[in-house]
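Q: Hints in hand, dock the two standalone chains.
Listed in order, the protein sequences are those of chains A and B. Following the UniProt record's numbering, the residues of the first sequence are numbered contiguously, the last one being 255. Following the UniProt record's numbering, the residues of the second sequence are numbered contiguously, the last one being 381.
There could be a bad hint or two in this list.
Claimed, not checked - Distance condition first, Cα-Cα at most 20 angstroms in a straight line; then the derived SDA-like pairs of lysine to any residue:
#1 A:70 <-> B:173
#2 A:11 <-> B:302
#3 A:11 <-> B:148
#4 A:11 <-> B:137
#5 A:11 <-> B:301
#6 B:353 <-> B:374
#7 A:11 <-> B:263
#8 A:238 <-> B:336
#9 A:155 <-> A:204
#10 A:253 <-> B:286
Derived by calculation from the structure, the hints in this document are not laboratory data.
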Amino acid sequence: MSKLLIGYLYKEDLNLYGDNGNVEVLTARCFGRSIECEVLLIDKGKLTSHNRLSEINLLFMGGGPDSSQKSIYGDFLEEKKPFLLDYVTSGKTGLFVCGSYQLMGDYYRASDGEELKGLGIFKAHTIHFGKNKPRCIGNVRATLTGKISSDPVFKNVNFLEDRIVGFENHGGRTYLDPGAEPFARVTYGHGNNSEDGSEGIILGNCIGTYFHGPILAKNPHLADYLIAKALNVQELPKLNDGFITASYAASKKLR
Amino acid sequence: MLILTLLITRFLRFFIKLFGLGSGGTWPGHLALKIYPGILSDPGIAPSLGTLLISGTNGKTTTTKMLHHVLQRRGFLVITNSSGANLTNGLVSALLQGTPIFSKRRADYAVLEVDEFSLPSVLNQMRVKGVVLLNLSRDQLDRYGETDLILSRWEESLKESNVSFVVLDKSFDYFRNMFFPAGAEILDVESISEKLLQADLTSKFHIKNIKAALATLSFLEIPAEDAVLALSDFQAAYGRGEIINSGGVNFHLFLAKNPASLTTNLKVFEKRKSEFDALLFILNDNIPDGRDVSWIYDVDPSVIFSACKDKEIYVSGGRVYDMAVRLDYAEVFIPEENVSASVQSITNLIKRKSSVKNVAVFPNYSAMLDFRNMLVGRKIL
Numbered sequence: 001m002s003k004l005l006i007g008y009l010y011k012e013d014l015n016l017y018g019d020n021g022n023v024e025v026l027t028a029r030c031f032g033r034s035i036e037c038e039v040l041l042i043d044k045g046k047l048t049s050h051n052r053l054s055e056i057n058l059l060f061m062g063g064g065p066d067s068s069q070k071s072i073y074g075d076f077l078e079e080k081k082p083f084l085l086d087y088v089t090s091g092k093t094g095l096f097v098c099g100s101y102q103l104m105g106d107y108y109r110a111s112d113g114e115e116l117k118g119l120g121i122f123k124a125h126t127i128h129f130g131k132n133k134p135r136c137i138g139n140v141r142a143t144l145t146g147k148i149s150s151d152p153v154f155k156n157v158n159f160l161e162d163r164i165v166g167f168e169n170h171g172g173r174t175y176l177d178p179g180a181e182p183f184a185r186v187t188y189g190h191g192n193n194s195e196d197g198s199e200g201i202i203l204g205n206c207i208g209t210y211f212h213g214p215i216l217a218k219n220p221h222l223a224d225y226l227i228a229k230a231l232n233v234q235e236l237p238k239l240n241d242g243f244i245t246a247s248y249a250a251s252k253k254l255r
Numbered sequence: 001m002l003i004l005t006l007l008i009t010r011f012l013r014f015f016i017k018l019f020g021l022g023s024g025g026t027w028p029g030h031l032a033l034k035i036y037p038g039i040l041s042d043p044g045i046a047p048s049l050g051t052l053l054i055s056g057t058n059g060k061t062t063t064t065k066m067l068h069h070v071l072q073r074r075g076f077l078v079i080t081n082s083s084g085a086n087l088t089n090g091l092v093s094a095l096l097q098g099t100p101i102f103s104k105r106r107a108d109y110a111v112l113e114v115d116e117f118s119l120p121s122v123l124n125q126m127r128v129k130g131v132v133l134l135n136l137s138r139d140q141l142d143r144y145g146e147t148d149l150i151l152s153r154w155e156e157s158l159k160e161s162n163v164s165f166v167v168l169d170k171s172f173d174y175f176r177n178m179f180f181p182a183g184a185e186i187l188d189v190e191s192i193s194e195k196l197l198q199a200d201l202t203s204k205f206h207i208k209n210i211k212a213a214l215a216t217l218s219f220l221e222i223p224a225e226d227a228v229l230a231l232s233d234f235q236a237a238y239g240r241g242e243i244i245n246s247g248g249v250n251f252h253l254f255l256a257k258n259p260a261s262l263t264t265n266l267k268v269f270e271k272r273k274s275e276f277d278a279l280l281f282i283l284n285d286n287i288p289d290g291r292d293v294s295w296i297y298d299v300d301p302s303v304i305f306s307a308c309k310d311k312e313i314y315v316s317g318g319r320v321y322d323m324a325v326r327l328d329y330a331e332v333f334i335p336e337e338n339v340s341a342s343v344q345s346i347t348n349l350i351k352r353k354s355s356v357k358n359v360a361v362f363p364n365y366s367a368m369l370d371f372r373n374m375l376v377g378r379k380i381l
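Extracted from the complex, chain B is given alone in its bound form (with noise of 0.2 angstroms):
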């Protein structure tokens, strides 16, 4: 049954990729699941030093792209589903196109970003060696329900599972008081020493993320001090940190898709403000994103305030006009003229300011595919 599996999905991936229908990052999966439902049991899809699932509201691809990055670094065969397809059927394309047909060759790790909501599903089905939950907070509410509900979900299916270790921020009092199964080792990301951090690294992206990564390399017997040699020269995963060279203008591009991303990167802006001349702010309520934008005032004005003074602000996007409000109220000064619904009419008038060289550019997901799509042309890798 798999062989078959994977003989149809190759094919198919091979024809997403021949006709340029995208980056095959979940219809193989979609298609895989309907032939063969229980794909994620079969030991045959299996890598063979184990699974590591990487779940939570914020910093997963980053997270995920860390272990990845350094495990390849040390030499291993690694699978992961970069293009931050995270439901079942892009874990499932992902360790379907890391399976050799025809090879003896295995692969030796399987690193997967996890949506919050399919992971308790994927834990239930799968044999997994260790998870990382980052955190949880209010992400696209008006799709997904209540926090508490995603909380006791990933208590149950921990609980049943046999995962050899969790690693998890017990500075968050939710996962303080979360109950797990007794064989697994617990670690705490805050255990990892900021020592050893070099800070090239801390000021291009989340501690939490870093922290997380060494964290759970240590559980693969990856001492932390050889892990940040081989993060040296770790490259931004899409949209996170990614800088991108459009019309002699950098754009540094940093997802602000809920209370907490948007927050976190303005912190991090902050530390190397100095650097920009202007922020933009996308703001979209299409479906990835969530309808509701209520979410932006969830953010303290203050961190707003103090980011956007004495910087050029630019605002775009389908809810342009809420995100212009928000930033009013948070006594941010915007020139009428450097707000628009059209992120192209935008881009144009930043481009044409010789003032403006480097942009700090706040969009939520959809707002990021567009905008990446629109510079570089294409929406994911």
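The shape of chain A in the complex, shown without the other chains (with noise of 0.2 angstroms):
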């Protein structure tokens, strides 16, 4: 089996609830099963730097408070924006998480009206309405679009079900355009808007997603299923994920 490279966009300043875990999880249940992996850490800076960047097949980048998004915005326009674009178009695997997300989409509009531009990746764009709208915290669950729960490799690799669950918590509510595909459909909570039922989005192989927990630790399911898309494999080993399955169980009663 090939090698998973995981590429961790702005570990350090994006790091904001736990959201290194994902990376944790995935690696553990790389090492569970033999399968090398390995994390190739990507900075702010140049990526003339980084030799192995087309190596790369899984792509993960969080989010942070405030101070931390405005440190990298400039880098990630500028310096990340034709690696992210041709990484996504060209069918790669890849997750982004809450802040990564917001500015993967067209635009992000602060409470004060002022309009921050994203990489135009995703087809959304998300409006902080300040204190007209109140956050949307909490635990969350929802279902899994067509696009992951009728793939095969889903099939093959889904333990639990077709599910998933979280906690969410964020300011800016996400709007997708017509056309775009949601990654997932509320059950409970809020998802991008806490209006049109839609959870994320999903664009190729690339996830975009309000799921923090972190999404993969709370979602064993999704975790081997980006790492069999990543290694563009059928199916992965069993674990033994007696614990896991019963967190799973638990969260679904969670208020």
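A: Have a look at this one:
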């Protein structure tokens, strides 16, 4: 089996809600199956210093407090855009959580009306309504849309359900453009905007989502799906997931 | 107005105690603020030598207790909020309780731990002698929002205050660049020499808390040598290094309410690992804890692994399986029978094991209160 090379963007700045746990989970689930796995940290600065970018088969980026998001913003827009655009359109696998999901969209309109341009790769935009609308906080559950749930690879690795569980915490509300495909449909909680029932976005094999938890610790079936897609394999050996299955079952009842 | 408020709240406190309704740490203050909203600005409740406020994400309760301990040993009459009631109502309760109605002797100092978000409003209302800023990290983000926001509010309120000194830990970048009022003296906790500190103190308590207490006491003309001596019989605050014996087992409580406190306490534990047979993690997601438990992944897995290695591991609490999964990913082995949402049944299981005599317990906030309640019949003091 080939090797998983995880590209981890801005680890130092964007790690607000335990999201680095996602990378830990991917690494551990590879380790448990004797799949070779390595993490390549991509920080601020020119990408020319990395000579293995083309070998990355799973890209991860989280979110951070406002100050950290501001500190990476310029670099993200100027240095990373061509690479990311190419990465997503070529069908490679990626996961963008919260702040990075927002920045991958067209724009983010802050509560004072100021508009921050995004990369425009995800066909979506985000609006922060300030005090007019409450923050979207709490336990959240959603059903994966057909793109993933009907994928034979997902059916092979899924030992739970089509549902994902997690915790969300975002002030901005995201609206998908017509034709853009949501990652999941909310069954409990807010999702993208607490209006249209959509949660996240999926484009090619890249996912944008508001799910924390971390999402891959709470949803091992999704973690395995990403690993299988990244490695371009149809199935993966089973792991001993007793505690995880119990945690997933318990999370379905959280209020 | 003050006298009336004092009389009414004394009366309330009497009833709370009479009917065993609690420690009286918050209700009297809550009522007092309704009757007399400006009470914190009233010089009648101010201690004669000054008020010290201790804030930060972690270490407030222990540092406050150390300051109280040393000042009392030096013969001062000191008001404190030892129950950890650190919102405005808790502070007012403590100050009211320490304010005499008929006698002449007024307290010398008030040493009060203050919630990070309450600090600015308290500073705006009260005349404060010194402020201790311990640290600031992620804690209950679903309730409080980002640390940047807290920091800017601290800065603003300090600028407008007339505090005479600020003690803080400059090893944190976010404190190094802070702006302070021109009149205030600033002391870095790192300026306190470690040579002074005895091993029995540093093995039990976080060194930063000891240093913060010593730095603060230096402003009150108490030399570090004397303070260290006074701390030689210092007892841990409830749930923070406290030992509870039950059914022949010593349960050592290490409050672990956020990534920084879990990491720090695992490292403190690591130094004394040979004294322990087992570790018990209890994770809840009640309102005082924050509903989001994803912070457990902000703790370096190698720190968890190293602490748990070769020890018996038990897991409990409302979010027991989240914690078990987290430990599992850190490559910690946990026997299935050692995992249960019921703290009572896990505690009973531990007591039945003859090989387990000393257990390090890492509970988050409400889990610590529940655990104490179960073993000693009281949540707080």
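Q: All hints are to be evaluated individually against the structure, with a verdict given for each.
A: Do the hints match the structure? See the list:
| no. | hint | in the structure |
| --- | --- | --- |
| 1 | A:70 <-> B:173 | 17 angstroms, holds |
| 2 | A:11 <-> B:302 | 17 angstroms, holds |
| 3 | A:11 <-> B:148 | 19 angstroms, holds |
| 4 | A:11 <-> B:137 | 17 angstroms, holds |
| 5 | A:11 <-> B:301 | 16 angstroms, holds |
| 6 | B:353 <-> B:374 | 19 angstroms, holds |
| 7 | A:11 <-> B:263 | 19 angstroms, holds |
| 8 | A:238 <-> B:336 | 19 angstroms, holds |
| 9 | A:155 <-> A:204 | 18 angstroms, holds |
| 10 | A:253 <-> B:286 | 15 angstroms, holds |
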